[in-house]
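Protein chains: 4
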Amino acid sequence: MAEPWKTSVTKVEPNKLTVRGYPLDQLINKISFADSIYLMIKGELPSAEASQLMEAILVSSIDHGVTPPSTLSARTVASTGATFNAALAAGVLSVNEHHGGAIENCMKMLTRAVEQKREEGKSEQEIAEKLVKEIRARKGKLAGYGHRVHTNDPRTTRLYEIARETGFEREYVKMALAIQDAIQQETGKNLPINVDGAIASLLCELDFPSALANAIFIIARIPGLTAHVYEEMSTQKPMRRISPTNHEYEGEEGKTI
Amino acid sequence: MAEPWKTSVTKVEPNKLTVRGYPLDQLINKISFADSIYLMIKGELPSAEASQLMEAILVSSIDHGVTPPSTLSARTVASTGATFNAALAAGVLSVNEHHGGAIENCMKMLTRAVEQKREEGKSEQEIAEKLVKEIRARKGKLAGYGHRVHTNDPRTTRLYEIARETGFEREYVKMALAIQDAIQQETGKNLPINVDGAIASLLCELDFPSALANAIFIIARIPGLTAHVYEEMSTQKPMRRISPTNHEYEGEEGKTI
Amino acid sequence: MAEPWKTSVTKVEPNKLTVRGYPLDQLINKISFADSIYLMIKGELPSAEASQLMEAILVSSIDHGVTPPSTLSARTVASTGATFNAALAAGVLSVNEHHGGAIENCMKMLTRAVEQKREEGKSEQEIAEKLVKEIRARKGKLAGYGHRVHTNDPRTTRLYEIARETGFEREYVKMALAIQDAIQQETGKNLPINVDGAIASLLCELDFPSALANAIFIIARIPGLTAHVYEEMSTQKPMRRISPTNHEYEGEEGKTI
Amino acid sequence: MAEPWKTSVTKVEPNKLTVRGYPLDQLINKISFADSIYLMIKGELPSAEASQLMEAILVSSIDHGVTPPSTLSARTVASTGATFNAALAAGVLSVNEHHGGAIENCMKMLTRAVEQKREEGKSEQEIAEKLVKEIRARKGKLAGYGHRVHTNDPRTTRLYEIARETGFEREYVKMALAIQDAIQQETGKNLPINVDGAIASLLCELDFPSALANAIFIIARIPGLTAHVYEEMSTQKPMRRISPTNHEYEGEEGKTI
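Protein chains in written order, with this note's numbering: chain E, 6 to 262; chain V, 6 to 262; chain F, 6 to 262; chain A, 6 to 262.
Please note: incorrect hints may appear among the correct ones.
Note that the list lumps identical chains together, so a pair holds whenever it fits in one copy or between two copies.
[Stated by the list, open to error] Simulated pairs of lysine-lysine, PhoX-like, Cα-Cα distance not exceeding 20 Å:
hint	residue 1	residue 2
1	Lys47	Lys127
2	Lys179	Lys144
3	Lys146	Lys11
4	Lys113	Lys135
5	Lys194	Lys146
These are computed hints drawn from the structure, not numbers from a lab.
Given the sequences, and given the hints that come with them, work out the whole structure.
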């Protein structure tokens, strides 16, 4: 018999489940779902501040309407009479370099920039300027900056407020802001940090590896996709032509919490 | 130009996002991720008690180790050098009738049973007995009862405690318990409500349609799948033979919160 | 050690591959790809006539332009920077009840109808009339009849010519034609057999189980999806809005073989 | 109204379908399925010799038993009660760098090698030696050489016979063979061209871009996956533990054509 392969995620015994070292039933009602996500992925429970930030990151990504390709492909698949999970899977398959992928790429850029800052003992400003110049020179893309709809993304503003409150406005957030300034200075253009860039800098502060960025975005977006797939299944005709441009919001507005 | 098609999920305007009537940025840091899931799917915010129950349901389903087919297919796909989202999609595609699907089927059964109770003015016990007899007669399956590993699932116990505390031990939970008793009585076998059955009764209490059961399970399980896919990618060799039986937990144990 | 599980598809030994009883290397260059598909699925090689029909069925389904949901979802996923196989998987997930699924449903209807004919000793006409009346009475759908674009599908015409030439115009094809006549008679409407219906009747003649209909359609359509995904990747910009209505063919026309 | 987007794959008009310039109904019964695949992907019909080679390539990849991850993930998903297409999609998602992906990587290597040969005016032998030395120096991988089961793959032998017969033993095949010799010479090890390597060299000869390699492998393997999924669905119990090692072939053997 071959050597058993090893896992550190979950231990299953009769009437006992251990996740990342904790009995699962003891976590129920003691930690939030967002905390359990953090626990599963990082292997440890978040601090109160990290928990607050994690909730905020996940809520901020929950949906972006009908135009993202993940929504369109999930709805298109749903309209063929697919099972619910097939429609969600098509949505999941749409989260790639050009949709959601900016988080991962921005995390890589920030990680390199902060490493350089530490090694070279320079300021955020100096590193950011060098970086922007270099990316412009090779006509590269600045992942996490600018948005096709929002010029001043309210989600970024809110996330950065919480970062300040929770003490997470540290190296990576500062670097992200320095890059925003450097872009303005170098190009004269206002290309503000978008929600992907904000999340990227916060996931760096929380010490998540960039390889997990896409998965975290998917975790956050699956509930939104679920709402769209259910709406498609319960209110629309099968096989309709789903226009990516000609649609209208008819839900409620102006509610406050 | 054709009439625009309608959606009630999310309104996207420049620098403004409205989800289910609320400005998204105002929800960040005010509601938990679990609340935002509830909001997206049900279209309204949960009460404090519903929120507590929703968190508990989601935490209870976060992972069940390496043996469920969703974990095995996600890891198998990951071992080929797949992108992260492709591995997660394969996991999502594994949530069907025989894996996770008991929630939906149990919800349907409980819904019918409670309807019957209301119509016929009978007790839970009478309806449950009739139901178990009828299902046994046609050699049907009692979705949500019994488990191949757990005889007394600690997650069920915990979830039902919270249901009592939050005032959600109502018609559906009572019916689920009555069916458990009726099985014992009819067959002499102890076939306790499993975690799927418990969640089914609670989702009925929360008034979710059964068509959403699979999606809710997927939302809850995606973080667990993420942990497994990341472990596979970062600690295992590509193309290894992934034995579904010969594995060992080497993580921590006995941590307390 | 548990009992090994059994398979009858392919035997793999060092330097030797046996598929459905035949050494694979001996099949290469002796049988066509369509024959090898038939062999894999049915477990035996086709007769010369069945082979001819199988080639025709597969060629007839190879593509239907950019509007089917499988094409749109594959292209939408491709436009996010997905891997090629993720885009194809999204296409595969779109083949369901309302897209491609008419083949399976029509096969089931024809199978029942021909069984009834045999049992009751009646003519195709009698059975077809009864069937159409009954389906109309319960406002059911006649899978395999009518098309949103084609009133007289040239693929159906061609496939039925080949059926006649190869001696496969038998019970199921006759039943399919009788149902077409019965619709005309009962409703006064011309609702001709579409390509799905024609394929359904031919797969019945070839004695394929209806459970394989969707898979056969997917096998036939994957090359078309491949052409679309490659075109999307090599000629279009990422994240474009893919209109399902506002597109134009700019390829060649009028070529003859 | 926006400018329509352009496609060159298929034109759909009422009662008329044009694929790559040809009326589809005129192709049915005139060309084989393999030819129609070639037509869809390359945009033109193959020569008689290219057609013969295309059939051979597709037949050679039709299946490789139950151990490839694509088979295992498709069967695992099927065992949960999934729809047929969901199981196939999970198989498709498994075709990546370490499974099937050797074709693409080998095509890239051969393309660079043949370019170098042309530019530098050297012999295959010289280029191959340099290449093997360089890859060994950086501990790189030689995609398309060696196999975990086969030391002398009968499919490679057969494919190269056909290449010779059809006049396709040209630059790329010669380079592939020269690399095989160079490996032997440099390392003393026999690491023969495997079926992926053989197919890679032949797809180069047929002038397919390497970006299509994975898709062509998927087209060829989907029928094999179909056979496995159907066997799983029709002969096995749901949710069984699918051992990747403990299985046995119980089909026929020794059939000849």
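Hint check:
Within a single copy, lysine 47 and lysine 127 get their C-alpha atoms no closer than 31 Å, and across copies no closer than 50 Å, so neither meets the 20 Å cut-off. Proximity of lysine 179 and lysine 144 under a CA criterion of 20 Å is satisfied in neither setting, with 24 Å inside one chain copy and 39 Å between copies. Taking CA atoms no more than 20 Å apart as the test, lysine 146 paired with lysine 11 passes in neither setting, with 40 Å inside one copy and 27 Å between copies. Taking identical chains as interchangeable, the C-alpha atoms of lysine 113 and lysine 135 lie at most 20 Å apart only when both belong to the same chain, with a minimum of 16 Å there against 34 Å between chains.
Taking the closest pair of Cα atoms, lysine 194 and lysine 146 come within 20 Å of each other only inside a single copy of the chain (14 Å); across copies the shortest separation is 45 Å, beyond that limit.
Hint violations for this structure: numbers 1, 2, 3, all remaining hints satisfied.
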